[in-house]
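K.L.:
Chains as they are written, first to last, in our numbering: chain L, 1445 to 1719; chain V, 1445 to 1719.
This list has only true hints and no planted wrong ones.
Copies of the same chain look alike in the list, so a pair counts if it fits in one copy or across any two.
Computed cross-link-like contacts, SDA-like style, restricted to lysine to any residue with a CA-CA straight-line distance of at most 20 Å:
id, residue 1, residue 2
1, Lys1535, Glu1580
2, Lys1613, Glu1561
3, Lys1699, His1689
4, Lys1666, Thr1718
5, Lys1566, Ser1477
6, Lys1613, Ser1477
7, Lys1522, Ala1446
8, Lys1666, Asp1644
9, Lys1666, Gly1503
10, Lys1666, Gly1648
11, Lys1666, Phe1681
12, Lys1468, Glu1491
The set of hints was computed from the structure by calculation and includes no laboratory data. Small disclaimer: the values here were computed from a predicted structure and weren't measured.
Residues per chain, in single letters:
Protein chains: 2
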Amino acid sequence: MAKRIAYLGPQGTFTEDAALLHDKTAQLIPFPSIPAVAVAVVSGMAEEGVVAIENSLEGSVTDTLDLLIHESGVFIRKELVLPIEHYLLVKPGTEAGGVKVLYSHPQALGQCRNVIERCFPKVNVVAALSNAAAVEEMMVSTHPAAAIGTRRAAEIYSAEILARGIQDKASNVTRFVVLALTDHPPTGSDKTSLCFSFADDRPGVLCEVLQKFAERNINLAKIESRPSKESLGRYIFLIDIEGHHDDSLVSEVLKQVREVTSLFKVFGSYPRYTA
Amino acid sequence: MAKRIAYLGPQGTFTEDAALLHDKTAQLIPFPSIPAVAVAVVSGMAEEGVVAIENSLEGSVTDTLDLLIHESGVFIRKELVLPIEHYLLVKPGTEAGGVKVLYSHPQALGQCRNVIERCFPKVNVVAALSNAAAVEEMMVSTHPAAAIGTRRAAEIYSAEILARGIQDKASNVTRFVVLALTDHPPTGSDKTSLCFSFADDRPGVLCEVLQKFAERNINLAKIESRPSKESLGRYIFLIDIEGHHDDSLVSEVLKQVREVTSLFKVFGSYPRYTA
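Starting from the given sequences, assemble the full structure and let the hints guide the process.
P.N.:
If you want it as structure tokens, here you go:
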């Protein structure tokens, strides 16, 4: 039986692209939300799940961070980094000058503001719930329409590509993680993701933790804070470090960090992505 | 002449609520994007601008952080914290059982998932570009429809409130900032927001900076990292500290931090918000 991979659907989104890059022989199963992808993995509907965690322009995907913090039983097994390329799609034969309506997810629209404002200043923008839904709705529109979508969505819905790479910033990449019931054994070039918080907010507690990593020359690949959901002003810190939690040096520091923090959770160790 | 305040429109959004809380005698001018609000202040179309910077569930508003990092000439003059209350709005006389279509901004939908999934499991969800547009579109819908919107949008569009407080988490607050050409003089209970980055990524550089604040007992109210836009893996750090940049202790530390960082920018000092 082919491996089943849950992903944030529908078909034609960037997450489907990431799942295909991860394993193109697997059976891909779309789910309607990021928490649903985690439930699919925990409950055994799928062996793995693929979700976005960070975009170079937009920042972190908060649904994924919150899932890693609060959901037990899923671990990061792999990371993938994909370039994000937005396409302007139309029904075959539609010309740029005739476009009256533009379908787009609000986030994609925000990433393509320059092209839209310059080339389609008077277009009527209609919001869609996903990049794929934008293309689907464009294809059944009764007005001359275009949609901001993925190359994969163009294939699925038989849309014509009017323009490619229409995002404002050329260097737009998204990092995805593969979730599973266990993380990855050591490979020699690994990363570890974890979170922690403090019972008391005196100055310097975060610094004490970072110092423990710095003293052992363990590099910090990322630091992020999330509001604790109780209030603004109380934070959970999320960090990525270089190394595997089974490495003796890393393991020793993590034990020390656990002792000085209140919440402490390792999301998993996994091979560092190389294109 | 009344003070002119630019805000992220349209009318009926939470940002308009924040602008009204800040100064209800001012002339409020809606702008179509967060960068446009900053341009309005810098160019003199408005004396002040109001934008959201952080939500307790969703995290930071990345457009606002990027604006503070990259736009010169605007400073944070004030902060405001507002509870975010989502309402379910309908055309007068529409009953809950008859609702077939739901208009919502994708983010508001994400915050109200429980009520929608339980009470309206078969509703056809239509995306809108803002919380206000959702209500406007609902009011002209030819199907029995509802919209997720604000109380102010109910007033503006003469919609009926079917349910209040429909968000999943009761403690949902958003922090807004007032932008102006200058920040605020010291009041004795202030905060200062700033950002910095490092030319080199060796372990411990961030810690050295945080240590400087900790040593002088200056509390860190918030830490955040943003990808530098060049690539994932290089970060700009944003922190809020207690105190005013004109306080001698803070001023001295900031000078030291400037010396060990590459990018360094103070977004402003302003009175700490108290409800």
